[in-house]
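Visitor: Chains A and B are the protein sequences, given in the same order. With the working numbering applied, the first sequence covers 52 to 163. With the working numbering applied, the second sequence covers 32 to 145.
Everything labelled a hint here was simulated from the structure, so no lab data went into it. The structure displayed is predicted, hence computed values, not measured ones. Among the hints, erroneous ones may be present.
[To be verified] Just some of the chain A residues that point at chain B, by a computed CB distance under 8 Å:
| # | residue |
| --- | --- |
| 1 | Asp106 |
| 2 | Asp110 |
| 3 | Gly111 |
| 4 | Phe113 |
| 5 | Phe116 |
| 6 | Ser144 |
| 7 | Tyr148 |
| 8 | Lys150 |
| 9 | Phe153 |
| 10 | Gly154 |
| 11 | Gly156 |
[As the list claims (entries may be wrong)] Chain A side only, calculated, beta carbon under 7 Å to chain B, not exhaustive:
| # | residue |
| --- | --- |
| 12 | Tyr90 |
| 13 | Gly149 |
| 14 | Gln155 |
[Claimed, not checked] Pairwise CB distance ranges (calculated):
| # | chain 1 | residue 1 | chain 2 | residue 2 | range |
| --- | --- | --- | --- | --- | --- |
| 15 | A | Asp82 | B | Asn90 | 19 to 29 Å |
| 16 | B | Glu82 | A | Gln65 | 25 to 35 Å |
| 17 | B | Asn90 | A | His162 | 34 to 44 Å |
| 18 | B | Glu82 | A | Gly134 | 20 to 30 Å |
| 19 | B | Ala111 | A | Asn108 | 20 to 30 Å |
| 20 | B | Leu145 | A | Glu93 | 20 to 30 Å |
| 21 | A | Arg68 | B | Gly127 | 24 to 34 Å |
| 22 | A | Glu109 | B | Gln48 | 44 to 54 Å |
| 23 | B | Leu145 | A | Lys107 | 16 to 26 Å |
| 24 | B | Ala33 | A | Gln54 | 43 to 53 Å |
The beta-carbon is built from N, C-alpha and C at its ideal position, and this holds for glycine as well.
In case you want the letters, here they are:
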Amino acid sequence: DQQVKQNSPSLSVQEGRISILNCDYTNSMFDYFLWYKKYPAEGPTFLISISSIKDKNEDGRFTVFLNKSAKHLSLHIVPSQPGDSAVYFCAASGDSYGKLTFGQGTILTVHP
Amino acid sequence: DAGVTQSPTHLIKTRGQQVTLRCSPKSGHDTVSWYQQALGQGPQFIFQYYEEEERQRGNFPDRFSGHQFPNYSSELNVNALLLGDSALYLCASSLGGTRTDTQYFGPGTRLTVL
Numbered sequence: 052d053q054q055v056k057q058n059s060p061s062l063s064v065q066e067g068r069i070s071i072l073n074c075d076y077t078n079s080m081f082d083y084f085l086w087y088k089k090y091p092a093e094g095p096t097f098l099i100s101i102s103s104i105k106d107k108n109e110d111g112r113f114t115v116f117l118n119k120s121a122k123h124l125s126l127h128i129v130p131s132q133p134g135d136s137a138v139y140f141c142a143a144s145g146d147s148y149g150k151l152t153f154g155q156g157t158i159l160t161v162h163p
Numbered sequence: 032d033a034g035v036t037q038s039p040t041h042l043i044k045t046r047g048q049q050v051t052l053r054c055s056p057k058s059g060h061d062t063v064s065w066y067q068q069a070l071g072q073g074p075q076f077i078f079q080y081y082e083e084e085e086r087q088r089g090n091f092p093d094r095f096s097g098h099q100f101p102n103y104s105s106e107l108n109v110n111a112l113l114l115g116d117s118a119l120y121l122c123a124s125s126l127g128g129t130r131t132d133t134q135y136f137g138p139g140t141r142l143t144v145l
């Protein structure tokens, strides 16, 4: 049972344009959501998070949007840079101790 | 400030063997979580250690066990290895281990079971 889904295995974007990565979840108990970025041979790196009491959170070029009624969140990267090319994982948590449930990941490629 | 470190980087074992993976958390962190990442999948939670006790466990069999030492470092042990145990094993550390505490991941140990 895949509780967190990233339905797009890959995304290709031109440098300077917007990248939009999507994530859907099914578990209503999830109330904290995160995005991680992963380069080859490295561990996932935390990017940005959002609590269910908010619908938007910004950090520089990165913005996460949460639509609780649709059980959907998205990560916007503006403007996209070649260094953003990586695998992006959406993750969710619904308990006190921070157990993370991850999606399958989306490979983002930003072309110069 | 050293981040999360894991050893070894790569490991090759045969079916039925046992393996121990090691993790040193980020300086100041007291909570360690372990994840298994199969090829093409996202990381899957194995368990979390806090104050030398297993505080939470994911859907993994008892062949997977762990330990946390007084210095907060941790080990993951897998007994009776199966081909399906081949994966990248990630360790993550945090301070306090609540859901809003950011988890910092190590580079992982790549385990191959032949």
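Visitor: What hints, given by number in increasing order, does this structure fail?
Guide: 1, 2, 3, 4, 5, 12, 16, 18, 19, 21, 23 and 24
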